[in-house]
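Trainee: Fit chain B to the known structure of chain A by using the hints.
2 protein chains.
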Amino acid sequence: MSVMRFDETTSDWVVFAPSRRLRPHADASLQTQPSEPASAAGCPFCPGNEAFTPPEIYAVRDSGAWRVRVVPNRFPALTIEDNPQRRHDDQAFQFMGGCGAHEVIIESPDHSLFLGQQPTEQVVLLLRTLQLRYRNLMRDGRFQTVVIFKNHGAEAGTSLAHPHWQLLAPPVVPRLLRMKHFEASEYYDRTGQCLYCDMLHRELDANVRILTQNEHYVAFLPFASHTPFETWIVPRQHQASFQLVAMEHFTCLAAILKSVLLKLHTALGNPAFNLTIDDVPRGDEGKEYFLWHMRILPRLTTPAGFELGSGMSINTVLPEDAARFLSEASSVEEVG
Amino acid sequence: MSVMRFDETTSDWVVFAPSRRLRPHADASLQTQPSEPASAAGCPFCPGNEAFTPPEIYAVRDSGAWRVRVVPNRFPALTIEDNPQRRHDDQAFQFMGGCGAHEVIIESPDHSLFLGQQPTEQVVLLLRTLQLRYRNLMRDGRFQTVVIFKNHGAEAGTSLAHPHWQLLAPPVVPRLLRMKHFEASEYYDRTGQCLYCDMLHRELDANVRILTQNEHYVAFLPFASHTPFETWIVPRQHQASFQLVAMEHFTCLAAILKSVLLKLHTALGNPAFNLTIDDVPRGDEGKEYFLWHMRILPRLTTPAGFELGSGMSINTVLPEDAARFLSEASSVEEVG
Numbered sequence: 001m002s003v004m005r006f007d008e009t010t011s012d013w014v015v016f017a018p019s020r021r022l023r024p025h026a027d028a029s030l031q032t033q034p035s036e037p038a039s040a041a042g043c044p045f046c047p048g049n050e051a052f053t054p055p056e057i058y059a060v061r062d063s064g065a066w067r068v069r070v071v072p073n074r075f076p077a078l079t080i081e082d083n084p085q086r087r088h089d090d091q092a093f094q095f096m097g098g099c100g101a102h103e104v105i106i107e108s109p110d111h112s113l114f115l116g117q118q119p120t121e122q123v124v125l126l127l128r129t130l131q132l133r134y135r136n137l138m139r140d141g142r143f144q145t146v147v148i149f150k151n152h153g154a155e156a157g158t159s160l161a162h163p164h165w166q167l168l169a170p171p172v173v174p175r176l177l178r179m180k181h182f183e184a185s186e187y188y189d190r191t192g193q194c195l196y197c198d199m200l201h202r203e204l205d206a207n208v209r210i211l212t213q214n215e216h217y218v219a220f221l222p223f224a225s226h227t228p229f230e231t232w233i234v235p236r237q238h239q240a241s242f243q244l245v246a247m248e249h250f251t252c253l254a255a256i257l258k259s260v261l262l263k264l265h266t267a268l269g270n271p272a273f274n275l276t277i278d279d280v281p282r283g284d285e286g287k288e289y290f291l292w293h294m295r296i297l298p299r300l301t302t303p304a305g306f307e308l309g310s311g312m313s314i315n316t317v318l319p320e321d322a323a324r325f326l327s328e329a330s331s332v333e334e335v336g
Numbered sequence: 001m002s003v004m005r006f007d008e009t010t011s012d013w014v015v016f017a018p019s020r021r022l023r024p025h026a027d028a029s030l031q032t033q034p035s036e037p038a039s040a041a042g043c044p045f046c047p048g049n050e051a052f053t054p055p056e057i058y059a060v061r062d063s064g065a066w067r068v069r070v071v072p073n074r075f076p077a078l079t080i081e082d083n084p085q086r087r088h089d090d091q092a093f094q095f096m097g098g099c100g101a102h103e104v105i106i107e108s109p110d111h112s113l114f115l116g117q118q119p120t121e122q123v124v125l126l127l128r129t130l131q132l133r134y135r136n137l138m139r140d141g142r143f144q145t146v147v148i149f150k151n152h153g154a155e156a157g158t159s160l161a162h163p164h165w166q167l168l169a170p171p172v173v174p175r176l177l178r179m180k181h182f183e184a185s186e187y188y189d190r191t192g193q194c195l196y197c198d199m200l201h202r203e204l205d206a207n208v209r210i211l212t213q214n215e216h217y218v219a220f221l222p223f224a225s226h227t228p229f230e231t232w233i234v235p236r237q238h239q240a241s242f243q244l245v246a247m248e249h250f251t252c253l254a255a256i257l258k259s260v261l262l263k264l265h266t267a268l269g270n271p272a273f274n275l276t277i278d279d280v281p282r283g284d285e286g287k288e289y290f291l292w293h294m295r296i297l298p299r300l301t302t303p304a305g306f307e308l309g310s311g312m313s314i315n316t317v318l319p320e321d322a323a324r325f326l327s328e329a330s331s332v333e334e335v336g
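Note that the protein sequences, when read in sequence, are chains A and B.
Counted the way our numbering counts, the first sequence spans residues 1 to 336.
Counted the way our numbering counts, the second sequence spans residues 1 to 336.
These aren't lab readings, by the way, just hints derived from the structure by calculation.
Treat the numbers as computed from the prediction; the structure is a model and nothing was measured.
Just so you have them, the derived chain B footprint on chain A, three or more residues with Cβ under 8 Å: (1) 82 to 92; (2) 175 to 187; (3) 192 to 201; (4) 295 to 302.
Glycine residues also receive a C-beta, built at the ideal position from the N, C-alpha and C atoms.
So here's chain A without its partners, still in its complex pose:
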């Protein structure tokens, strides 16, 4: 069970999930995650070890063998049994139950194949599964949005090497997303345009930070990237939510995702990275003000006191330099 507490100084909620710490802080190492199995043999995400995960939520199967598998996170930050009713303690500090869903999406049965190297068809199955789970969780009226993300590499906070994604459905819209929605709504009210679509057109016009594009998607490194090699994938046509991606567009989305990850992998030598999907809150799926987008954040530098204290990012690489570097690095042929 977890609890959420309200931070009055920033107006956001903090998730407290002590169960994610496997052992007490009797020494300096506050281990937040189980350590990685040395080989595929002990991996709970590998075929044959299904009994080591909590009961399966969903799977794509092919002749009996699963190709993509969804299970609850064994050390969940949020749980569906918790109660999101707001309460106060004796000193008027506000809290609620850590109500939500926390799922793990196992990318493929392969323990070591990197997402960029998977066949396009496998990436399509994965993306469709993410969308299916998102839509399914939105049927629970307590969940206000879904945050889809992937951690790759120890520096990015990965606990298990077997490639996987995660999905958290919190009972509040996280503050950073609220802020992005607010800025985009203001822009829409002022201009009648989607801020992100507008930025995309200006990036296409500038044509110095575009990494790759296809019929339905564009990948670029934004003008004000917060970290070196931050890369976004956005739909070319306006669409507020990943929930609305049409079945016939998934092949294009899988292809551009593979292409971006391969370029980063090749040029930067398999960097650790986080990938997140920014989306709208419940009920805004049809709105004009926001464009869902994937953000890929390589973990090449360490934020320090200034960044933590001020929230302001210091980036050591201009995105147009990073885009040029990625484009020049030998591009690996896409296998589909």
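Mentor: Here is chain B on its own, set in the frame of chain A:
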């Protein structure tokens, strides 16, 4: 020279400082900082090596030898020569020169003595120097606030082992601070109280997250701590800015800072940490809505995709458990 670019999606500025990256990204390792000298012999912050730093800005001297020394950062994120005038490129993306100050405050001549182990008198000299530099920089009307911070340990982004603090004076108020000021102003307008003073009184009343206190300062782990063992030091009496700390209070402030750092050091085995001072923007020093505070953030866990994507923190240790753990860990006698 650096440049700042405006992120329209979050309404904050990003600092681009390519000079902080010493070598090009020809391979995977984007080194942002010079590597640490193996011993004090090659340390630019040690006495005798003064020629290896840029020209001294200020120093406290005692019989000719310096005790605290201030120099410009050799790889500054912001420089005083840059022009903060806002400009637009051909696609209407907004930028300005990276105008500001970036200074390094060398804590003491000692290469390896940890701040918590310094005599109180030395910590007083350090704190007075920080205040002096803050006040001095505020005379330049282009700088909107001063962010004072310290990084300890490689995981906290330290580039040099010799204990030091840093100070950045940016030409805009960073967005996270603006947000904290906004929340506190709203609270003040609604209640007529300082949010932080009010929280402090409720923490003193609850008395389960107080770490230590003395005549003028209180150290506690806030109710909605964002990271395990996050600890704040706040003045007991309302005071909006660190610039206003009275000369006769510095001994109390030095004593509580030493005490907190020693407790963290002992209980957690010399953890990496960041320390920042949150303060008001230029001109608000006399205001009622905000209380300056030190935040000490041990780097015990790695923020991953969910935290980066949503801005929401997942904390694996309740602050009252952390406070109890710190209090129970053998408390080292303060040497003054």
